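Chemist: These are the residues of each chain, in order.
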Amino acid sequence: MTALLMFPLFLFRLVLQSAALALSQIWVNKTRSILTTLGIIIGVSSVSAVIAAMEGMNRKILENFEMFGTRKIFIWPEQPSSGPQKNAPTWQLRFEAKHFEGLLEHCPSVEFISLIANAGRVPGRYMNRTVDSVSVTGVDASWFKIENRPIVFGRPFSMLDESQGRYVCIITAQLRDKLQMDRDCSGQIIQLGINSYLVAGVVEDKPNTGMMFGGSDDPMEAYIPYTTAAKLVRMPWIRVMASCRDSTVADEARAEIRFFLRRTRGLRPGEPDNFGVFLMENEVRQFKEVMGMITLVAAGVVSISLLVGGVGIMNIMLVSVSERTREIGLRKAVGARPSAILTQFLVEAVVLCMIGGLIGVGFGHLLASVIANSAPLMEQTQIPAWAIAVSFGFSAFVGVVFGMFPAIKAARLNPIEALRHE
Amino acid sequence: MNSGSRLIEICQLERTYVVGAEKVRALRGVDLSIRTNEYVAVMGHSGSGKSTLMNILGCLDRADKGDYLLNGINTTRMSEGQLAHVRNRQIGFVFQSFELMGRLSALKNVELPLIYSDISFWKRRRMAREALERVGLGERIHHKPNQLSGGEKQRVAVARALVNQPSLLLADEPTGNLDTATSDGIMLLFEKLYREGQTIIMVTHEVDIAVRARRIVRMRDGQIISDLPTEKDPARPLRDGEQIGGER
Ligand SMILES: Nc1ncnc2c1ncn2[C@@H]1O[C@H](COP(=O)(O)OP(=O)(O)OP(=O)(O)O)[C@@H](O)[C@H]1O
Ligand SMILES: [Mg+2]
Numbered sequence: 000m001t002a003l004l005m006f007p008l009f010l011f012r013l014v015l016q017s018a019a020l021a022l023s024q025i026w027v028n029k030t031r032s033i034l035t036t037l038g039i040i041i042g043v044s045s046v047s048a049v050i051a052a053m054e055g056m057n058r059k060i061l062e063n064f065e066m067f068g069t070r071k072i073f074i075w076p077e078q079p080s081s082g083p084q085k086n087a088p089t090w091q092l093r094f095e096a097k098h099f100e101g102l103l104e105h106c107p108s109v110e111f112i113s114l115i116a117n118a119g120r121v122p123g124r125y126m127n128r129t130v131d132s133v134s135v136t137g138v139d140a141s142w143f144k145i146e147n148r149p150i151v152f153g154r155p156f157s158m159l160d161e162s163q164g165r166y167v168c169i170i171t172a173q174l175r176d177k178l179q180m181d182r183d184c185s186g187q188i189i190q191l192g193i194n195s196y197l198v199a200g201v202v203e204d205k206p207n208t209g210m211m212f213g214g215s216d217d218p219m220e221a222y223i224p225y226t227t228a229a230k231l232v233r234m235p236w237i238r239v240m241a242s243c244r245d246s247t248v249a250d251e252a253r254a255e256i257r258f259f260l261r262r263t264r265g266l267r268p269g270e271p272d273n274f275g276v277f278l279m280e281n282e283v284r285q286f287k288e289v290m291g292m293i294t295l296v297a298a299g300v301v302s303i304s305l306l307v308g309g310v311g312i313m314n315i316m317l318v319s320v321s322e323r324t325r326e327i328g329l330r331k332a333v334g335a336r337p338s339a340i341l342t343q344f345l346v347e348a349v350v351l352c353m354i355g356g357l358i359g360v361g362f363g364h365l366l367a368s369v370i371a372n373s374a375p376l377m378e379q380t381q382i383p384a385w386a387i388a389v390s391f392g393f394s395a396f397v398g399v400v401f402g403m404f405p406a407i408k409a410a411r412l413n414p415i416e417a418l419r420h421e
Numbered sequence: 000m001n002s003g004s005r006l007i008e009i010c011q012l013e014r015t016y017v018v019g020a021e022k023v024r025a026l027r028g029v030d031l032s033i034r035t036n037e038y039v040a041v042m043g044h045s046g047s048g049k050s051t052l053m054n055i056l057g058c059l060d061r062a063d064k065g066d067y068l069l070n071g072i073n074t075t076r077m078s079e080g081q082l083a084h085v086r087n088r089q090i091g092f093v094f095q096s097f098e099l100m101g102r103l104s105a106l107k108n109v110e111l112p113l114i115y116s117d118i119s120f121w122k123r124r125r126m127a128r129e130a131l132e133r134v135g136l137g138e139r140i141h142h143k144p145n146q147l148s149g150g151e152k153q154r155v156a157v158a159r160a161l162v163n164q165p166s167l168l169l170a171d172e173p174t175g176n177l178d179t180a181t182s183d184g185i186m187l188l189f190e191k192l193y194r195e196g197q198t199i200i201m202v203t204h205e206v207d208i209a210v211r212a213r214r215i216v217r218m219r220d221g222q223i224i225s226d227l228p229t230e231k232d233p234a235r236p237l238r239d240g241e242q243i244g245g246e247r
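One line per chain: the protein sequences are A and B, in this order.
Oh and the first sequence: position 153 is 152 in numbering that gives the first Met the number 0, straight run, nothing missing.
Oh and the second sequence: position 1 is 0 in numbering that gives the first Met the number 0, straight run, nothing missing.
Keep in mind that the hints were calculated from the coordinates and are not lab data.
Remember, predicted model here, so these are calculated numbers, not experimental data.
Idealized CB from N, CA, C, for every residue including glycine.
Any given hint might turn out to be false.
[Unchecked claim] For each label pair, taking beta carbons as the anchor points, the in silico distance ranges come out as:
no. : chain 1 : residue 1 : chain 2 : residue 2 : range
1   : B       : Arg88     : A       : Phe6      : 13 to 23 Å
2   : A       : Leu306    : B       : Leu68     : 46 to 56 Å
3   : A       : Leu306    : B       : Arg27     : 50 to 60 Å
4   : A       : Arg411    : B       : Ser96     : 19 to 29 Å
5   : B       : Gly28     : A       : Leu34     : 48 to 58 Å
6   : B       : Gly46     : A       : Val400    : 43 to 53 Å
7   : A       : Thr247    : B       : Phe120    : 50 to 60 Å
[To be verified] Which chain A residues face chain B? A few, computed with CB under 8 Å, are given here:
no. : residue
8   : Gln16
9   : Ser321
10  : Gly334
11  : Ala335
12  : Arg336
13  : Ala339
[To be verified] Below, computed lysine-lysine pairings styled on BS3-like, alpha-carbon distance capped at 27 Å:
no. : chain 1 : residue 1 : chain 2 : residue 2
14  : A       : Lys408    : B       : Lys107
15  : A       : Lys230    : A       : Lys97
16  : B       : Lys107    : A       : Lys29
17  : A       : Lys29     : B       : Lys64
From just these sequences and the hints, can you work out the full model?
Modeler: Structural data, given as structure tokens:
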């Protein structure tokens with residue numbers, strides 16, 4: 000029992016002693032040690048910098064995705080890949096509002112759905128102020144929720160607005176300012192093209208989602224109920240946007256939508272879809288996968304330099320063993336077990352590598368900050384804690400692997416021959 | 000004189016070195032028995048196998064044939080680790096060329112065997128200091144080997160050999176690298192240790208050194224050719240009025 004308790008203690012003391020010995024040995028050969036660990040330093044700094052850059056880019060892009068909305072689902076007409084409709088003109092495949100009636104009731108994973116129809120670009124006027132071109136889009140009330148565009152003043156479209164196709168609109172803050180209307184301009188009347196509209200509310204401008212999804216291309220926008228747009232435009236070209244309840248049920252949502260649309264569009268079993276359902280979540284997932292793979296490959300390639308560093312360590316440890324053959328002989332003569340000698344040299348190699356790792360992480364940190372300042376996409380470059388742990392672990396591992404051979408060599412020396420060395 | 004218990008018991012010990020195709024029989028059947036608190040000198044021509052015997056006695060080397068019992072325990076079939084333990088606890092070895100570590104102070108050098116005995120830091124310090132005081136170097140504990148004279152270096156080496164209170168002190172030509180006056184100092188130290196109860200075996204070429212021991216073992220061609228108390232050995236100092244070649 001006591002032996003069981005004593006052994007780890009003994010081992011701990013042995014390692015501690017060996018570490019102290021290793022540090023003093025490394026200190027004696029400062030220059031040589033630093034030169035030797037150069038490989039490890041370069042390896043660890045490049046591994047951690049690459050991981051940092053990849054992680055930073057990853058985070059930045061995911062943030063963009065997040066801002067754009069990862070729960071979005073896009074639905075559009077599409078020529079099927081085979082069958083009689085293969086080369087059908089697109090107007091034959093166009094969506095009609097009736098295709099989507101009752102979709103929400105039949106698709107439990109879908110939270111919101113909105114038809115979208117462009118009602119053209121028209122001049123806008125309020126009192127004596129005018130704007131040349133306002134893009135007018137017909138949407139459902141839920142569109143603002145899908146797009147995550149909060150209505151800051153006024154109200155969303157009401158049931159009556161939608162069912163009666165009333166002439167109401169929700170305008171962007173930019174348009175409001177351009178027309179110099181009150182901050183809360185709800186209830187006022189503006190002229191869009193030939194029709195007058197009651198301003199129901201003001202919606203926030205489209206957020207700038209950066210380089211990935213295009214910024215706010217045209218801030219002069221007015222939204223009217225879809226039903227109103229359908230009155231203005233004969234046979235409108237309908238796009239559809241929906242959102243799933245949660246990104247985990249994205250696939251279910253797509254399956255439900257497909258099932259529903261195939262029925263409403265009269266597709267027989269075996270016929271290919273004549274529409275497409277595109278999941279944002281899918282894109283995110285794919286991106287994550289690809290990014291993870293790239294990170295892994297890059298880190299793998301760079302860690303080859305760590306292995307090269309390991310060979311350097313092995314080399315210097317072999318030199319050290321042959322230089323200190325007499326010392327090893329003496330230690331054995333006064334009672335060092337082979338295991339103690341093995342531990343001493345192994346710990347020395349590991350300590351050497353860990354010092355290299357420490358300096359390497361420092362350099363990697365510098366590199367990361369240089370990368371972070373180089374491009375806006377990279378601004379989040381930063382060595383994650385796990386990368387530091389991995390770098391350390393890996394350099395210790397390299398130390399063990401490449402230190403093992405010299406250490407075994409030292410441990411197996413014959414004491415008399417070792418003492419006679421030189 | 001031979002009142003102590005049996006410390007060393009060796010029987011038909013053989014050791015053959017193989018160099019290429021050639022075989023050198025360094026020991027050819029050696030029998031020897033040594034009790035505790037004996038003081039033995041081993042003499043012989045160069046190449047007679049003295050160092051080979053000492054290395055086996057010190058568990059630094061193994062015999063090819065025969066048995067070696069130390070304190071009644073057969074060492075012949077011990078593992079490397081067990082032999083290391085024996086070297087650490089039972090044996091103190093003094094080398095002709097001191098074998099001190101140049102980077103370490105006298106104190107650190109003496110501490111070395113204790114590092115491998117699982118003894119706490121402070122106790123190690125104390126034991127090393129005591130051992131250095133015992134060999135008369137209490138004032139020099141922080142000197143590095145290159146700041147010590149040859150005799151002082153050998154004293155440090157003796158202190159290192161003694162620090163773990165071994166049952167056996169082995170010295171292979173301990174005065175081989177020292178001048179006569181300094182050798183004398185080391186011999187006085189050995190005499191003191193012997194009187195304190197230490198068992199000592201030393202190898203030497205010099206008659207003046209050998210006669211300090213109480214028993215002289217002579218070797219030739221890997222065999223023991225004589226094993227006598229010093230006063231009966233031909234090399235004994237002449238007594239007053241005695242003539243060379245005269246018997247009794
Ligand atoms: N490692 C070795 N390999 C081969 N032969 C050896 C080895 N060590 C010793 N010998 C041979 O064994 C024989 C005995 O050597 P040993 O060193 O025991 O002699 P010694 O009595 O100590 O001599 P010296 O007084 O010169 O030290 C010699 O012939 C020597 O050449
Ligand atoms: Mg010899």
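Chemist: Take the hints in turn and mark each one as holding or not.
Modeler: To see whether the hints hold, each was checked on the structure:
{"no.": "1", "hint": "B:Arg88 - A:Phe6: 13 to 23 Å", "verdict": "holds, 19 Å"}
{"no.": "2", "hint": "A:Leu306 - B:Leu68: 46 to 56 Å", "verdict": "holds, 51 Å"}
{"no.": "3", "hint": "A:Leu306 - B:Arg27: 50 to 60 Å", "verdict": "holds, 53 Å"}
{"no.": "4", "hint": "A:Arg411 - B:Ser96: 19 to 29 Å", "verdict": "holds, 24 Å"}
{"no.": "5", "hint": "B:Gly28 - A:Leu34: 48 to 58 Å", "verdict": "holds, 55 Å"}
{"no.": "6", "hint": "B:Gly46 - A:Val400: 43 to 53 Å", "verdict": "holds, 45 Å"}
{"no.": "7", "hint": "A:Thr247 - B:Phe120: 50 to 60 Å", "verdict": "holds, 58 Å"}
{"no.": "8", "hint": "Gln16", "verdict": "holds, 7 Å"}
{"no.": "9", "hint": "Ser321", "verdict": "violated, 17 Å"}
{"no.": "10", "hint": "Gly334", "verdict": "holds, 2 Å"}
{"no.": "11", "hint": "Ala335", "verdict": "holds, 5 Å"}
{"no.": "12", "hint": "Arg336", "verdict": "holds, 4 Å"}
{"no.": "13", "hint": "Ala339", "verdict": "holds, 6 Å"}
{"no.": "14", "hint": "A:Lys408 - B:Lys107", "verdict": "holds, 26 Å"}
{"no.": "15", "hint": "A:Lys230 - A:Lys97", "verdict": "holds, 15 Å"}
{"no.": "16", "hint": "B:Lys107 - A:Lys29", "verdict": "holds, 22 Å"}
{"no.": "17", "hint": "A:Lys29 - B:Lys64", "verdict": "violated, 48 Å"}
In this structure, the hints that do not hold are numbers 9 and 17, in rising order.
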